[in-house]
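Protein chains: 2
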Amino acid sequence: MQKKGDALAVKIHKIDLKQQGAIVTIPEEGFLGDKVKEARTRICDIETEEVKFLNLNLPLRKMIGVIGVATPEKTATGTPGRHGGNMDATVITEGVTVYFPISYDGALFGLGDLHAVMGDGEVCVAGCETPGYVTVEFESLNELAPPWPCVEAKDWLYIIVSDEDVNKAFYEATEVAVRALQNALKLDWHDAYMLSSIAMDLEICQLVDPRKTIRAEAS
Amino acid sequence: MQKKGDALAVKIHKIDLKQQGAIVTIPEEGFLGDKVKEARTRICDIETEEVKFLNLNLPLRKMIGVIGVATPEKTATGTPGRHGGNMDATVITEGVTVYFPISYDGALFGLGDLHAVMGDGEVCVAGCETPGYVTVEFESLNELAPPWPCVEAKDWLYIIVSDEDVNKAFYEATEVAVRALQNALKLDWHDAYMLSSIAMDLEICQLVDPRKTIRAEAS
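Chains as they are written, first to last, in my numbering: chain A, 1 to 219; chain B, 1 to 219.
Bear in mind the hints are in silico, worked out from the structure with no lab data behind them.
Ideal Cβ positions, reconstructed from N, Cα and C, are used throughout, including at glycine.
Please note that the accuracy of each hint is not assured.
[Stated by the list, open to error] Below, a list of computed lysine-lysine pairs in the BS3-like style, where the Cα atoms sit at most 27 Å apart:
1) K186(A) / K37(B)
2) K154(B) / K154(A)
3) K168(B) / K37(A)
4) K154(B) / K52(A)
5) K168(B) / K168(A)
6) K154(B) / K186(B)
7) K52(B) / K154(A)
8) K186(B) / K52(A)
9) K18(B) / K52(B)
10) K154(B) / K35(A)
11) K37(B) / K168(A)
12) K168(A) / K4(A)
13) K74(B) / K4(B)
14) K11(B) / K74(B)
15) K186(B) / K186(A)
16) K186(B) / K35(A)
[What the hints assert, rightly or not] Covered by chain B, according to a simulated footprint, are these stretches of chain A (three or more residues, beta-carbon under 8 Å):
17) 35-43
18) 52-66
19) 122-129
20) 136-145
21) 150-160
22) 196-203
Generate the whole structure from the sequences, applying the supplied hints.
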């Protein structure tokens, strides 16, 4: 059985979405919550390569909002953290592998909160929320728990960090990334720090949950 | 003459870099400044498509760190703001047009701080700092001052906002972007807010100056 300290690798083979999604505004919710006067729902048709919002066609960008493993303490599904959870990372999509640190025996994986399209930030508190099915494949890696969820895509690696204070999340992600560059390339810390400044991008996942989520990415 | 309230459009035709750049660490500087024990300089060779850092080859990503117009009050070159300045936006590169709000008669454009490569965040406080020449073309647009510098690339539009508090910068950029979507597409505010949540990405420019710089981007 998977034990604390192991990593769970989850390969995302396929995201099959239904043909309709919804996006909402809710008073007091989202990044401009103080300006939202009305609860409103818009239904969007999902086509093979596009999402229809009103009379606009947006490119389909399928992604998984909530994905993670269980924690020893009670954790709300809507809360992101080291276990994963509601990270709302647009990079978690078909073809990538996500690595989670296991902190509860058995891992107890779960996912949900599928989006047909969402922007980095998820500023109104919702993407195009769409029901669907996801096909995944698991592997457990003995004693290889990463400090935070990591995503391996074709040409990119991402470290995904969440914190109430977005600056602390950026600091933590940078520190982890510099250590990772240091170990992977046998650099001393100062050279790894310089390299992170020219080869790593800090980007936003979501800014609308009590814990914000960001990512460090490098190719 | 260009007057307060006009926009200055600056088309970046060409960035010609010299063949060497430098990157540094400085104690107390950068995002992990508290961990920097040593001032160190690394010289990087700049080739046609690559930058050499130690034994690593990084793709060349030419950009302009400081670019802007004059302000009525004294402003340090290292400070970003509505006038532009030290925004360190990786998207300001060959082929784009940058629009600045003019607040001082005559505009008094300037640029510098060229980088051969830099990551979003510029975490160690430097990119690969490289001397060079930039060829630009100006146009002034009567009474069309944008609220913040904007960048027009082939398929993307960016709004670039700076503030001491990165959360305030994100809030301001989102508000400006929602208003822009509202006006451009004749949407009401709530629909524009939803659209910004699925069609706009919030990203980082730099996190290491006293004023942080971020961008909202949409295609």
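Checklist entry - Of the numbered hints stated previously, which ones are contradicted by the structure, given in increasing order? => result Hints 10, 15, 20 and 21 contradicted; others consistent.
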